[in-house]
Amino acid sequence: MANPLLGIIDAIFAPSPLGFFLAVLAIFTVPILLHSFVFRPRGSQTLPTFLLLGPSSSGKTTLLTAFASPTPSETRVSQAPLSLEASIPATLTASSKFRSSNDPSLRGTQKFILQDTPGHGKLRPRAAEMLTKDTRGVVFVVDASTTDWSDAAEYLYTVLLRIQKLQESSSAGKGARTFNVLIACNKSDLFTALPAQRVRKLLEHELGRIREAKARGIVGVGEEDREDEDWLGEGGSGDFTFESLEEVGCVVDFRLGSNRGDDGWRKQLNEWIGSCL
Amino acid sequence: MSGAPRTTGNATTIAARTILTTSGILLWSKKYAPVNPSVVNSFISDVLIEERVQPGTDGKYYKKDSYTLKWTTANDLGLIFIAVYQSLLQITWIDELLDTVKKLFTSLYGDQLKKPNTSTIQCHFDDYFASRIQDLEKKHGSAARPSTTFVPPTVISPAPSSQSEKWDAPPPVPGLMKASARPVSPAINGLTTPVPEIPRTPSPGMSSSGVITAKRRGGRRRRGKASAHASSGDEVSPAPSTKKSGKKLRKWDAEGNADEDDGQVLDYSAQDSGEETGRKLDFIDQKEWGKKTSKGEFVLKELGEEVQAILNQPDANAGSSSGALGFFRKFVGGKTLTKEDMDKALAGMKDHLLKKNVAQEAANDIVKNVESSLLGQKTGSFQSIDAVVRSAVEAAIKRILTPTNSLDLLREIQQKRSRGSRPYVISIVGVNGVGKSTNLSKICFFLLQNKFKVLIAACDTFRSGAVEQLRVHARNLKELSEREGGVVELYEKGYGKDAANIAKDAVDYAEKEHFDVVLIDTAGRRHNDQRLMSSLEKFAKLAAPDKIFMVGEALVGTDSVMQARNFNAAFGSQRSLDGFIISKCDTVGDMIGTLISMVFATGIPVVFLGVGQNYQDLRTLNISWAVGLLMS
Chain A
1 MANPLLGIID AIFAPSPLGF FLAVLAIFTV PILLHSFVFR PRGSQTLPTF
51 LLLGPSSSGK TTLLTAFASP TPSETRVSQA PLSLEASIPA TLTASSKFRS
101 SNDPSLRGTQ KFILQDTPGH GKLRPRAAEM LTKDTRGVVF VVDASTTDWS
151 DAAEYLYTVL LRIQKLQESS SAGKGARTFN VLIACNKSDL FTALPAQRVR
201 KLLEHELGRI REAKARGIVG VGEEDREDED WLGEGGSGDF TFESLEEVGC
251 VVDFRLGSNR GDDGWRKQLN EWIGSCL
Chain B
1 MSGAPRTTGN ATTIAARTIL TTSGILLWSK KYAPVNPSVV NSFISDVLIE
51 ERVQPGTDGK YYKKDSYTLK WTTANDLGLI FIAVYQSLLQ ITWIDELLDT
101 VKKLFTSLYG DQLKKPNTST IQCHFDDYFA SRIQDLEKKH GSAARPSTTF
151 VPPTVISPAP SSQSEKWDAP PPVPGLMKAS ARPVSPAING LTTPVPEIPR
201 TPSPGMSSSG VITAKRRGGR RRRGKASAHA SSGDEVSPAP STKKSGKKLR
251 KWDAEGNADE DDGQVLDYSA QDSGEETGRK LDFIDQKEWG KKTSKGEFVL
301 KELGEEVQAI LNQPDANAGS SSGALGFFRK FVGGKTLTKE DMDKALAGMK
351 DHLLKKNVAQ EAANDIVKNV ESSLLGQKTG SFQSIDAVVR SAVEAAIKRI
401 LTPTNSLDLL REIQQKRSRG SRPYVISIVG VNGVGKSTNL SKICFFLLQN
451 KFKVLIAACD TFRSGAVEQL RVHARNLKEL SEREGGVVEL YEKGYGKDAA
501 NIAKDAVDYA EKEHFDVVLI DTAGRRHNDQ RLMSSLEKFA KLAAPDKIFM
551 VGEALVGTDS VMQARNFNAA FGSQRSLDGF IISKCDTVGD MIGTLISMVF
601 ATGIPVVFLG VGQNYQDLRT LNISWAVGLL MS
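Those protein sequences? They're chains A and B, same order as listed.
In terms of full-length UniProt numbering, the first sequence opens at residue 1 and continues consecutively.
In terms of full-length UniProt numbering, the second sequence opens at residue 1 and continues consecutively.
Simulated from the structure, these hints should not be mistaken for lab results.
C-beta atoms are modelled at their ideal positions from N, C-alpha and C, and glycine is treated no differently.
Please note that a few of the clues may not be correct.
As the list claims (entries may be wrong) - A few chain A positions that, by computed beta-carbon distances, are all more than 12 Å from chain B:
1. SER16
2. PRO17
3. ALA193
4. GLU204
5. LYS214
Stated by the list, open to error - Example chain A residues on the side facing chain B (calculated, C-beta under 10 Å, incomplete):
6. PRO15
7. HIS35
8. THR46
9. PRO48
10. SER57
11. PRO118
12. GLY121
13. LYS122
14. ARG124
15. HIS205
16. ARG209
17. GLY220
18. THR241
To be verified - Subject to a maximum C-alpha distance of 35 Å in a straight line, what follows is the list of computed DSBU-like cross-link-like pairs (lysine-lysine):
19. LYS378(B) with LYS133(A)
20. LYS350(B) with LYS378(B)
21. LYS214(A) with LYS504(B)
22. LYS453(B) with LYS201(A)
23. LYS31(B) with LYS267(A)
24. LYS214(A) with LYS541(B)
25. LYS398(B) with LYS165(A)
26. LYS133(A) with LYS114(B)
27. LYS114(B) with LYS111(A)
28. LYS214(A) with LYS451(B)
If we strip away everything but chain A, and leave its shape as in the complex, we get (with noise of 0.2 Å):
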């Protein structure tokens, strides 16, 4: 009976080198191993994320790489997003107006991911399928200087449904957090560019038209049953305003710049990405 149990205690004190081996390969390995299960999936997935989007040729990559080096590069089309790790001074961000001069968080600066998108027609609905509710904010780059403004308004209809859509879930769960939008006016160094008013003005006139035009139109095929209309804004059927969407929880502000110039569109965004941290 005992001799079974004592040969393997025998076994298991025995210096064997087999045995000390094992151990230490098993206390060095079993550590690190549980480690890079375990924690693997953390880290910077929790910086703060804002989105670029708008039409094909407003000047969304340029902007975002006058972020990573102090002259933007030279751009063609985009055809797939593109992420970049930006920060801004901490003293910039909205929490720190509460914080003591001498607070030495103020010093460091505070980091964000910065995502572009591709803004042709046919990688539209990819782009803003990376609107989550998880975005902190969305820049909506347009160009100043077109004409023709319905194409740049029809992106940002859908963008800006999808953030009420957006909203309207997220508010029935918990307290309902203000979404920033801000209509970034490219390419004011051009001689046609508008200014940020009336920019404001034709959009506003385009969402509109937009929305009038959506209500009336043919329904999509398999959304014949849809008992939710998609409606932008506060329900009456007045003009559209871009007030009335702070009443979904939905800020939208007008900035005019140009990637071109001194410091471009670093310190305007700088500002503005500070107000929404």
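For chain A, the structure is supplied; the task is to place chain B on it using the hints.
For chain B alone, coordinates are given in the frame of chain A:
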């Protein structure tokens, strides 16, 4: 992600070469002649995004303005390599150049590009490229392509001067400067001389470098290829010169000290004035014969060897995944996809598409596009190849069906009406019996609901009963819409008359009577009957429709591709279809492959679907619905 390196070699041979990422950032480019970025932009939109193949090119090259583009992609890194050159020239080695440049670039900078959350990389690729282009020029120029143009050395010299001007400007990023540009340019010049459009100012004070290159070339030729004719092959002559001047510049790059040395060279050329040339020339000549040559040669070799080493190392990692590990990876993921891996999954997808009534031709092309887009990509963790292929096909279908510009008929009509008195004209074409008149009346019903004043023009003057049929529709619609406030009228001129003229008269009449919209019904015609199809061009010219919709049956199979193509081409070079109406969708269940076939063949979007017998059974396309049915 998308980087296309565009290198413009020489004005003459290559106008530009570019390396871009798929996200649109230009990583590296070399231009030998000014090339408008719009050339590359329209290439990306047309070929890479909309997947349109220019007729006659077989998808291998792309022509825009006076340029021809060739490209290759590195999917794993999301890179696009583009070469732009004058269409007039036939360059046989472009493909080889693209391939080798791709290999070089990916092995040199691949690691940098794989880092997440970065946009640009520092690349000093010019020298590698120059060395490569030389080799190719030498190889093909000497062997395959004997003389095409006579290139006297004297003609060549002015070119460098313009180059040196460029050099003199203080380079903001010296490392990125085009070190190789100068050496190559002489060659180009020689070649380009017949092409006037290249802006080159032959300055009186010829820069020494120019002279040098010319000289060297002569010397080279004498030494190296005594047998080669002096005037033989444009490419032959440039090559040696490139090599020579390239050596000097290149050396530093290989060692990583490019900046300072560049500066020195710059100074040289800047200071050169006319009087100095003679002296310089001598100086250089001596060097050439003396030790400098040998030294230069040595340096060149160094870079050349590096390039060769990279080019030869290939595919080492492709083979490594064989055996147990490769087998394991099939399930765990993280495997680099090769053609063999995907063959089975792709064949399965193709069968699936064919079962959904997608035309053979379209299914083949979709699968081929998916294959080329996946080649070289890595599967995600715990992702099987089937799943990867499936989602890629799904994405491809989605992209095919998504229109570049969405159509908002009501808005367009309003816009047009607010601009002038001419009504908005929509005409409907199609093969016999697909439901042209039915869909026309459905559209009419929709317009009437929106309180438009609509005129229906009966331009089917061929088939007996066609006019009467429309008359019945018009009467029904009138009754239905009386309460809504719409107005509808039929414009008919009986049978046997010329349809195009009736259409024109109808539009004129509508303009006089202040109609908002004119809907023109046409006779059904077989798409492969030249005689019937040819009348469409005249029709499009006379009626000048704002929109031409083609009705296609969801029931039709393989023929859908040819129907769409032929109708699209029938309106002449100025006009094409604006959209498809796919009728009888309610009769095919989930076999809606015709949708894909027609859109794929022409790149024209589906605007409406007919889903029933009633006037209100008209729907717009819902892409997720279509993709869901096709992939189920």
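Sort out whether LYS165(A) lies within 35 Å of LYS398(B), counting only the CA atoms. Measuring from Cα to Cα gives roughly 22 Å; hence the hint holds.
Status of the stated non-contact between GLU204(A) and chain B (beta carbon gap over 12 Å): Holds, since 16 Å exceeds 12 Å.
For the pair we were handed, LYS214(A) and LYS541(B), check the Cα-Cα distance against 35 Å. holds, 32 Å
Would the hint on HIS35(A) be counted as holding, given a Cβ-Cβ threshold of 10 Å to chain B? Because about 17 Å separates HIS35(A) from the closest Cβ in chain B, which is outside the 10 Å limit, the hint is violated.
Using the nearest Cβ pair, does GLY121(A) come within less than 10 Å of chain B? holds, 4 Å
So, ARG209(A) near chain B? Judge it on the closest CB pair being under 10 Å. holds, 6 Å
Minimum beta-carbon distance criterion (10 Å), LYS122(A) to chain B: Hint on LYS122(A): holds, closest Cβ of chain B at ~5 Å, below 10 Å.
Are ARG124(A) and chain B close enough, Cβ to Cβ, to be under 10 Å, as the hint says? holds, 8 Å
Hint status (Cβ of GLY220(A) to nearest Cβ of chain B, threshold 10 Å): At about 4 Å, which falls below the 10 Å cut-off, the nearest Cβ of chain B leaves the hint on GLY220(A) intact, so it holds.
So if I understand the rule, the pair passes when the alpha-carbon distance is 35 Å or less; does LYS214(A) with LYS504(B) pass? holds, 32 Å
Does the no-contact call for LYS214(A) survive, Cβ to all of chain B over 12 Å? violated, 8 Å
Hint check: 10 Å Cβ-Cβ cutoff, THR241(A) to chain B: With a minimum Cβ separation of about 20 Å from chain B (threshold 10 Å), the hint on THR241(A) is violated.
Hints 5, 6, 7, 8, 9, 15, 18, counting from the list given before, are not met by this structure.
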